[in-house]
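*Asks:* Chains as they are written, first to last, in full-length UniProt numbering: chain H, 1 to 535; chain G, 1 to 535.
If you are wondering where the hints come from, they were derived from the structure by calculation, not from laboratory data. Please read all numbers here as calculations on a predicted model, not as lab measurements. Accuracy of the hints is not assured; some may be wrong.
Each pair may be met inside one copy or between any two copies, as identical chains are not told apart.
No more than 30 angstroms apart at the CA atoms, straight line, and that leaves these computed lysine-lysine pairs for BS3-like [to be verified]: (1) Lys169 / Lys330; (2) Lys381 / Lys346; (3) Lys330 / Lys274; (4) Lys356 / Lys112; (5) Lys330 / Lys133; (6) Lys346 / Lys112; (7) Lys112 / Lys330; (8) Lys169 / Lys417; (9) Lys270 / Lys409.
Protein chains: 2
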Amino acid sequence: MSGSEESQMAEEQISRKAAKKEAAKQEKLRRRQVSTLSAAASSLSLDDPFAHNYGDVPLSSLQSSEDADVNDWTEVGSLNESWNGREVLIRGRAQTIRAVGKKMAFVVVREKGFTVQCVVTSQPESVSLQMVKFVASLSRESIVDVFGLVSVPTVPIKGASQQVEVQVKKLYCISRAISTLPINIEDAARSEIEIEKALQAGEQLVRVNQDTRLNYRVLDVRTPANQGIFRIQCQVSTIFRQFLLFEGFVEIHTPKLIAGSSEGGSSVFKLDYKGQPACLAQSPQLHKQMSICGDFGRVFEIGPVFRAEDSFTHRHLCEFTGLDVEMEIKKHYSEVMDVVDRLFVKMFDYLNENCKKELEAVGRQYPFEPLKYLPKTLRLKFEEGIQMLKDANVEVDPLGDLNTEAERKLGQLVLEKYGTEFYILHRYPLAVRPFYTMPCHDSPLYSNSFDVFIRGEEIISGAQRVHVPDFLAERAQACGIDVNTISTYIDSFRYGAPPHGGFGVGLERVVMLFCGLNNIRKTSLFPRDPLRIAP
Amino acid sequence: MSGSEESQMAEEQISRKAAKKEAAKQEKLRRRQVSTLSAAASSLSLDDPFAHNYGDVPLSSLQSSEDADVNDWTEVGSLNESWNGREVLIRGRAQTIRAVGKKMAFVVVREKGFTVQCVVTSQPESVSLQMVKFVASLSRESIVDVFGLVSVPTVPIKGASQQVEVQVKKLYCISRAISTLPINIEDAARSEIEIEKALQAGEQLVRVNQDTRLNYRVLDVRTPANQGIFRIQCQVSTIFRQFLLFEGFVEIHTPKLIAGSSEGGSSVFKLDYKGQPACLAQSPQLHKQMSICGDFGRVFEIGPVFRAEDSFTHRHLCEFTGLDVEMEIKKHYSEVMDVVDRLFVKMFDYLNENCKKELEAVGRQYPFEPLKYLPKTLRLKFEEGIQMLKDANVEVDPLGDLNTEAERKLGQLVLEKYGTEFYILHRYPLAVRPFYTMPCHDSPLYSNSFDVFIRGEEIISGAQRVHVPDFLAERAQACGIDVNTISTYIDSFRYGAPPHGGFGVGLERVVMLFCGLNNIRKTSLFPRDPLRIAP
Chain H
1 MSGSEESQMA
11 EEQISRKAAK
21 KEAAKQEKLR
31 RRQVSTLSAA
41 ASSLSLDDPF
51 AHNYGDVPLS
61 SLQSSEDADV
71 NDWTEVGSLN
81 ESWNGREVLI
91 RGRAQTIRAV
101 GKKMAFVVVR
111 EKGFTVQCVV
121 TSQPESVSLQ
131 MVKFVASLSR
141 ESIVDVFGLV
151 SVPTVPIKGA
161 SQQVEVQVKK
171 LYCISRAIST
181 LPINIEDAAR
191 SEIEIEKALQ
201 AGEQLVRVNQ
211 DTRLNYRVLD
221 VRTPANQGIF
231 RIQCQVSTIF
241 RQFLLFEGFV
251 EIHTPKLIAG
261 SSEGGSSVFK
271 LDYKGQPACL
281 AQSPQLHKQM
291 SICGDFGRVF
301 EIGPVFRAED
311 SFTHRHLCEF
321 TGLDVEMEIK
331 KHYSEVMDVV
341 DRLFVKMFDY
351 LNENCKKELE
361 AVGRQYPFEP
371 LKYLPKTLRL
381 KFEEGIQMLK
391 DANVEVDPLG
401 DLNTEAERKL
411 GQLVLEKYGT
421 EFYILHRYPL
431 AVRPFYTMPC
441 HDSPLYSNSF
451 DVFIRGEEII
461 SGAQRVHVPD
471 FLAERAQACG
481 IDVNTISTYI
491 DSFRYGAPPH
501 GGFGVGLERV
511 VMLFCGLNNI
521 RKTSLFPRDP
531 LRIAP
Chain G
1 MSGSEESQMA
11 EEQISRKAAK
21 KEAAKQEKLR
31 RRQVSTLSAA
41 ASSLSLDDPF
51 AHNYGDVPLS
61 SLQSSEDADV
71 NDWTEVGSLN
81 ESWNGREVLI
91 RGRAQTIRAV
101 GKKMAFVVVR
111 EKGFTVQCVV
121 TSQPESVSLQ
131 MVKFVASLSR
141 ESIVDVFGLV
151 SVPTVPIKGA
161 SQQVEVQVKK
171 LYCISRAIST
181 LPINIEDAAR
191 SEIEIEKALQ
201 AGEQLVRVNQ
211 DTRLNYRVLD
221 VRTPANQGIF
231 RIQCQVSTIF
241 RQFLLFEGFV
251 EIHTPKLIAG
261 SSEGGSSVFK
271 LDYKGQPACL
281 AQSPQLHKQM
291 SICGDFGRVF
301 EIGPVFRAED
311 SFTHRHLCEF
321 TGLDVEMEIK
331 KHYSEVMDVV
341 DRLFVKMFDY
351 LNENCKKELE
361 AVGRQYPFEP
371 LKYLPKTLRL
381 KFEEGIQMLK
391 DANVEVDPLG
401 DLNTEAERKL
411 GQLVLEKYGT
421 EFYILHRYPL
431 AVRPFYTMPC
441 HDSPLYSNSF
451 DVFIRGEEII
461 SGAQRVHVPD
471 FLAERAQACG
481 IDVNTISTYI
491 DSFRYGAPPH
501 GGFGVGLERV
511 VMLFCGLNNI
521 RKTSLFPRDP
531 LRIAP
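Could you build all of it, start to finish, from the sequences and the hints given here?
*Replies:* Structure below.
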């Protein structure tokens with residue numbers, strides 16, 4: 001879809017929505033009188049004439065027994081002073097529940113990271129003491145429907161994001177959480193700084209460790225920081241896709257089940273495919289190149305990538321989401337670097353401008369400095385990088401790969417010299433790149449390849465590829481790969497192959513490094529590492 | 001990104017592009033004089049003073065030895081009468097090569113499905129007989145750079161899409177295809193109708209069978225129909241995504257490597273995960289529901305789905321691209337059907353309006369009638385469907401699933417009665433749905449579920465899910481599933497779970513059925529079935 005068509009589609013939807021909403025609002029007030037809320041709540045008792053105003057909603061009422069106008073509900077995040085004096089129906093989680101004597105209870109209701117304080121006060125003509133008791137007995141994280149009158153308190157509300165209060169008239173529990181949760185959201189949402197501060201004041205606060213978080217990921221991801229992280233992740237892939245579609249790339253889906261090993265080298269997950277030995281693709285490399293041979297011109301893919309490596313680092317996963325690009329080039333791999341440059345600068349600009357709320361939420365728990373990057377991305381030759389390291393007395397093999405430490409150090413040096421934490425290092429030694437990498441025209445020791453770094457860590461690898469079949473076979477052999485296992489791939493280039501190049505990025509790494517996080521498990525929804533295959 | 005932001009992004013890019021293009025054009029004319037084309041072509045010979053105007057480009061010139069201004073090249077698809085009298089540089093495949101005597105040769109150059117006729121005529125002051133010979137000897141599907149003067153012939157050009165001709169001044173071969181291709185593009189692009197017609201006229205044309213096509217997929221996908229199919233596929237997932245993002249859905253990525261079997265029931269691909277038994281996810285079902293428990297509200301995923309079933313039908317694959325949706329609902333599974341309805345009507349409208357060229361290309365080889373669908377999608381109850389079949393004397397089990405034949409028949413009946421080939425059938429018998437499906441409130445025999453059909457074939461399955469943990473365990477047990485293997489999943493609902501529902505679609509099926517194709521292998525780039533794991 002083009003931008004203008006999308007915007008038209010957006011406008012249409014907006015105007016339809018607005019009209020529908022207005023009609024719904026009018027209807028709402030009328031319907032409130034006859035109660036749209038689930039009746040027959042389990043609290044019904046003879047000694048409480050207002051028992052129908054609260055209770056646990058029975059399953060039968062949640063089995064699609066009646067149609068709902070979803071417009072009856074208002075999102076917590078949209079509640080503000082303009083709602084003063086109006087009645088509202090919300091659904092969310094009871095984040096905290098606090099009773100004040102027998103006559104009053106406070107419930108902070110959370111929906112999509114936004115919270116609002118709801119107050120239940122016993123009143124002779126509508127709210128019974130039993131109702132207050134019911135509310136006070138709710139377990140945290142239970143799902144509730146709350147109907148009440150919005151008011152604006154005179155003093156600011158501390159424990160909730162929305163600066164209005166709901167005077168509860170009806171409250172139904174839709175789904176009750178068990179009373180003792182394996183982790184409390186407020187513990188999971190706490191920053192190290194808070195824990196340290198409390199410790200200095202003599203108070204020991206709960207610190208939820210990474211493994212516990214991941215074991216109960218469903219609770220862990222409810223924290224504001226995690227809600228932010230995965231909404232940012234969604235934006236990263238959206239911008240990636242939009243940008244490339246706009247530039248004429250075609251989205252493809254290549255198979256993850258392949259015969260043989262996808263690139264050779266590092267370890268693969270093996271499996272039996274209907275009696276044939278097979279493995280999981282370590283990258284869409286071969287198939288995305290074959291798509292170029294298939295005349296799609298420029299392609300990209302967003303999909304899982306599998307690595308059976310025994311890497312127990314903060315930046316490796318056994319399964320992650322690959323963002324892969326492959327494109328015809330006219331003459332030079334700089335055409336690929338141009339795409340990287342424009343795409344990522346656009347992405348960072350967009351995230352900073354449009355994900356402020358999410359970035360703040362992440363930063364509150366995991367403080368970080370905004371990424372420093374240039375409008376036009378710095379490109380350094382590998383040899384220049386080596387020289388910078390040498391000048392700083394760091395010993396490195398000029399024709400070897402950089403280790404993590406050297407990468408970090410170079411990141412520091414580049415930041416000091418050029419003021420950027422995002423840069424491209426190109427013309428890597430041929431020996432440290434995969435067999436399909438095109439050697440440089442002026443030296444067989446170097447290659448037309450590049451890595452891209454954020455905050456001193458590699459996130460992107462790219463290169464011009466060898467498009468000449470016999471030379472490709474020669475390179476594969478030189479790298480110790482059995483040419484027979486990749487003959488289909490090599491043959492693809494025998495039917496005419498344009499010069500081409502591409503790159504691959506790990507989605508989780510982009511989010512981790514943009515947000516300055518210390519562990520890739522924080523940016524994978526259900527991470528997989530050598531020791532973890534659950535939940 | 002919102003629609004207006006995208007459109008702004010689009011405009012920015014357009015204006016930047018336009019400015020750049022204009023500047024490039026000015027520069028172009030100047031630079032042409034000094035020749036930007038790859039020099040040192042291998043044809044250099046002493047007896048031809050114009051040897052530098054043609055030849056095979058050596059590898060060294062294609063190893064990023066010099067920067068290219070990609071704007072020097074013009075896309076074949078943009079060549080029209082306005083180019084008359086101007087010089088142009090294009091890159092594409094030599095689709096057909098035809099010599100007329102020794103002094104003239106025609107080459108049809110194809111790029112992204114567009115073709116233009118190029119003419120080489122020997123001329124004493126620039127084009128040698130050797131050059132004509134070189135061009136005539138090119139192998140089909142080779143990649144060439146052509147530089148020449150655009151002219152508009154007085155008679156229409158039959159063998160090319162663009163109605164201009166290029167008088168060749170220079171022609172270099174970038175990549176030579178082998179001279180005998182395993183399949184010829186024109187054979188692969190031929191429709192059954194053409195073959196039949198020729199046969200009636202006594203001519204036997206080559207028919208490329210499905211397996212040969214798939215064995216040489218890299219050649220097969222170069223046909224106009226296949227280029228169209230995969231561009232339509234790209235649009236389908238784009239619209240799917242845009243629509244859902246606009247409606248507040250978050251894109252997620254769930255693991256494909258899971259412990260145990262993902263839903264039980266049909267066969268899974270098993271593998272060894274670092275010493276633990278594991279399998280490939282048959283759907284993101286459990287994890288997308290867990291994401292709802294994790295407070296993302298509304299989520300979707302586009303990713304591979306693995307089925308080890310031994311299904312040798314026209315509509316089953318062992319690996320396909322799943323489009324999955326899961327969302328909180330307030331009261332009724334109709335809220336999920338509403339999303340299906342609006343999403344797919346929007347999608348069909350969009351494809352019909354914006355993919356005309358691609359749909360035509362598909363239709364030329366595989367003729368089909370445009371899909372008949374209603375602006376508001378028909379919803380039929382399963383019992384109504386059964387009644388319609390009974391009335392038509394089709395015997396069906398009222399509490400069983402519909403077989404393929406019954407589905408097709410019902411599709412016919414619905415088309416006759418309601419004039420649509422796209423409809424929703426809901427309230428399926430509980431017994432034929434997965435364990436996590438919510439039973440109906442008024443009958444334990446039926447469920448809050450639905451299937452969606454296109455042209456009499458199922459493409460979407462959806463339902464409200466059981467969100468009550470104990471009931472979910474009970475249902476799993478009743479369906480013969482070992483509850484221990486899915487305990488993490490069931491436990492997810494113990495921490496408070498909103499009522500929710502969702503659906504899953506196969507991307508390849510949507511494209512196949514929208515285009516009325518007869519085999520799902522036509523809409524999978526590199527299909528995987530029980531007998532095929534290559535290329």
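*Asks:* Given a CA cutoff of 30 angstroms, do Lys330 and Lys133 count as a within-copy pair, a between-copy pair, both, or neither?
*Replies:* between (74 angstroms within a copy, 26 angstroms between copies)
*Asks:* At most 30 angstroms between alpha carbons: which applies to Lys381 and Lys346, within, between, both or neither?
*Replies:* within (23 angstroms within a copy, 48 angstroms between copies)
*Asks:* With identical chains, the pair Lys356 and Lys112 could be close in the same copy or across copies; at 30 angstroms between alpha carbons, which is it: within, between, both, or neither?
*Replies:* within (16 angstroms within a copy, 40 angstroms between copies)
*Asks:* Please sort Lys330 with Lys274 into within, between, both or neither, judging by C-alpha distance up to 30 angstroms.
*Replies:* Neither way: Lys330 and Lys274 sit 42 angstroms apart in one copy and 44 angstroms across, limit 30 angstroms.
*Asks:* For Lys169 and Lys417, with the copy left unspecified, which applies at a CA distance of at most 30 angstroms: within, between, both, or neither?
*Replies:* For Lys169 and Lys417, the Cα distance exceeds 30 angstroms both inside one copy (63 angstroms) and across copies (49 angstroms).
*Asks:* From the Cα coordinates, with 30 angstroms as the cut-off, is the pair Lys112 and Lys330 best called within, between, both, or neither?
*Replies:* Between. Shortest inter-copy distance 15 angstroms satisfies the 30 angstroms Cα cut-off; intra-copy 47 angstroms does not.
*Asks:* Is it within, between, both or neither when you check Lys346 against Lys112 at 30 angstroms Cα-Cα?
*Replies:* both (27 angstroms within a copy, 27 angstroms between copies)
*Asks:* Using 30 angstroms as the alpha carbon limit, work out where Lys270 and Lys409 are close: within a copy, between copies, both or neither.
*Replies:* Answer is neither: 37 angstroms inside a copy and 43 angstroms across each miss the 30 angstroms cutoff.
*Asks:* When Cα atoms must be at most 30 angstroms apart, do Lys169 and Lys330 count as within-copy, between-copy, both, or neither?
*Replies:* between (69 angstroms within a copy, 19 angstroms between copies)
Of the numbered hints listed earlier, those contradicted by the structure are 3, 8 and 9.
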